[in-house]
Amino acid sequence: MNKECTIVQDLLPLHEEDLLQAETKQFIEEHLKSCQECRHIAEQSQIPLPAEVNPVGASKKMIRNITVKLTTIQIFFVAIAFILAMSTAIMNNSGFILTYTTLGAVSFLFYRSVLITVLLAGVPNFIWNCLLYMTDWFGEFYAESFSEALQIALTSLIVHLLFTFIGIIIGFSILKTREEI
Numbered sequence: 065m066n067k068e069c070t071i072v073q074d075l076l077p078l079h080e081e082d083l084l085q086a087e088t089k090q091f092i093e094e095h096l097k098s099c100q101e102c103r104h105i106a107e108q109s110q111i112p113l114p115a116e117v118n119p120v121g122a123s124k125k126m127i128r129n130i131t132v133k134l135t136t137i138q139i140f141f142v143a144i145a146f147i148l149a150m151s152t153a154i155m156n157n158s159g160f161i162l163t164y165t166t167l168g169a170v171s172f173l174f175y176r177s178v179l180i181t182v183l184l185a186g187v188p189n190f191i192w193n194c195l196l197y198m199t200d201w202f203g204e205f206y207a208e209s210f211s212e213a214l215q216i217a218l219t220s221l222i223v224h225l226l227f228t229f230i231g232i233i234i235g236f237s238i239l240k241t242r243e244e245i
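To get this note's numbering, take the position in the sequence shown, counting from 1, and add 64.
Bear in mind the hints are in silico, worked out from the structure with no lab data behind them.
From a predicted model like this one, the values you see are computed outputs, not experimental measurements.
Hints should not be assumed to be uniformly reliable.
Here are the simulated lysine to aspartate or glutamate pairs, EDC-like style, with alpha carbons at most 20 angstroms apart [what the hints assert, rightly or not]:
1) Lys-67 - Glu-101
2) Lys-97 - Asp-74
3) Lys-97 - Glu-87
4) Lys-97 - Glu-80
5) Lys-125 - Glu-107
6) Lys-89 - Glu-107
7) Lys-97 - Glu-81
8) Lys-89 - Asp-74
9) Lys-67 - Glu-93
10) Lys-67 - Glu-87
11) Lys-89 - Glu-68
12) Lys-97 - Glu-107
13) Lys-67 - Glu-94
14) Lys-89 - Glu-101
15) Lys-97 - Glu-68
Construct all of the structure, not just a fragment, from the sequences and the given hints.
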C-alpha cells in the first residue's frame with residue numbers, strides 16, 4: 065500500500081458524502097480506476113449496514129429476569145428470618161441473643177436498610193408475643209390484663225431489637241471496612 069492509497073482511503077467517507085473539492089474528487093476517482101484494493105474498499109463502504117438491533121426489548125427481558133431472581137432470593141431470606149425470629153421467641157431463653165445479632169447483621173448486609181432489618185426482626189417477635197401473652201391459644205393467659213400483656217410484648221420486642229441493632233452496627237462496620245479496602 066502506497067501513500068496515495070492511504071490518502072484516498074482517508075478521504076473515501078468525504079467522497080461518499082460529496083464533500084470534497086472538484087480537484088480532490090477527480091484525484092480520488094482516477095485512483096479508484098487504477099487501484100483494485102481502494103476500489104474494493106469503496107464498494108464495501110456502499111453496502112448498507114444491517115438494521116440496528118432493538119436493545120430495549122433485550123434489556124427489559126434481562127431486567128425482568130434479574131428482578132424475578134432477586135425477588136425469589138428476598139422472599140427466601142424473609143422466610144428464613146421469620147422462622148429464626150419465631151423459633152427464638154418460642155424458646156424463651158437467651159438463645160435469641162446470638163440469633164438476633166446475626167439476623168441484624170446479615171439482614172443489614174443484604175438489604176442495607178435499617179428499617180427493613182428492624183421490621184424483619186421485630187414484626188415476627190411482636191406478633192408471637194401478642195399471641196402468647198394476649199390470647200388463650202396456648203391454654204393459659206400469662207398476663208392479668210391487656211395493658212400488662214402489651215407491656216410484656218413491647219418489653220420483649222425492645223430487648224430483641226436491642227440485639228438486632230447490635231447486629232446492624234456489626235453489619236455497618238463490615239460494610240465500612242470493605243469500602244476502605
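Now for the hints, and whether the structure bears them out:
| no. | hint | result |
| --- | --- | --- |
| 1 | Lys-67 - Glu-101 | holds (13 angstroms) |
| 2 | Lys-97 - Asp-74 | holds (17 angstroms) |
| 3 | Lys-97 - Glu-87 | holds (16 angstroms) |
| 4 | Lys-97 - Glu-80 | holds (16 angstroms) |
| 5 | Lys-125 - Glu-107 | violated (38 angstroms) |
| 6 | Lys-89 - Glu-107 | holds (16 angstroms) |
| 7 | Lys-97 - Glu-81 | holds (19 angstroms) |
| 8 | Lys-89 - Asp-74 | holds (13 angstroms) |
| 9 | Lys-67 - Glu-93 | holds (16 angstroms) |
| 10 | Lys-67 - Glu-87 | holds (18 angstroms) |
| 11 | Lys-89 - Glu-68 | holds (13 angstroms) |
| 12 | Lys-97 - Glu-107 | holds (12 angstroms) |
| 13 | Lys-67 - Glu-94 | holds (15 angstroms) |
| 14 | Lys-89 - Glu-101 | holds (18 angstroms) |
| 15 | Lys-97 - Glu-68 | holds (13 angstroms) |
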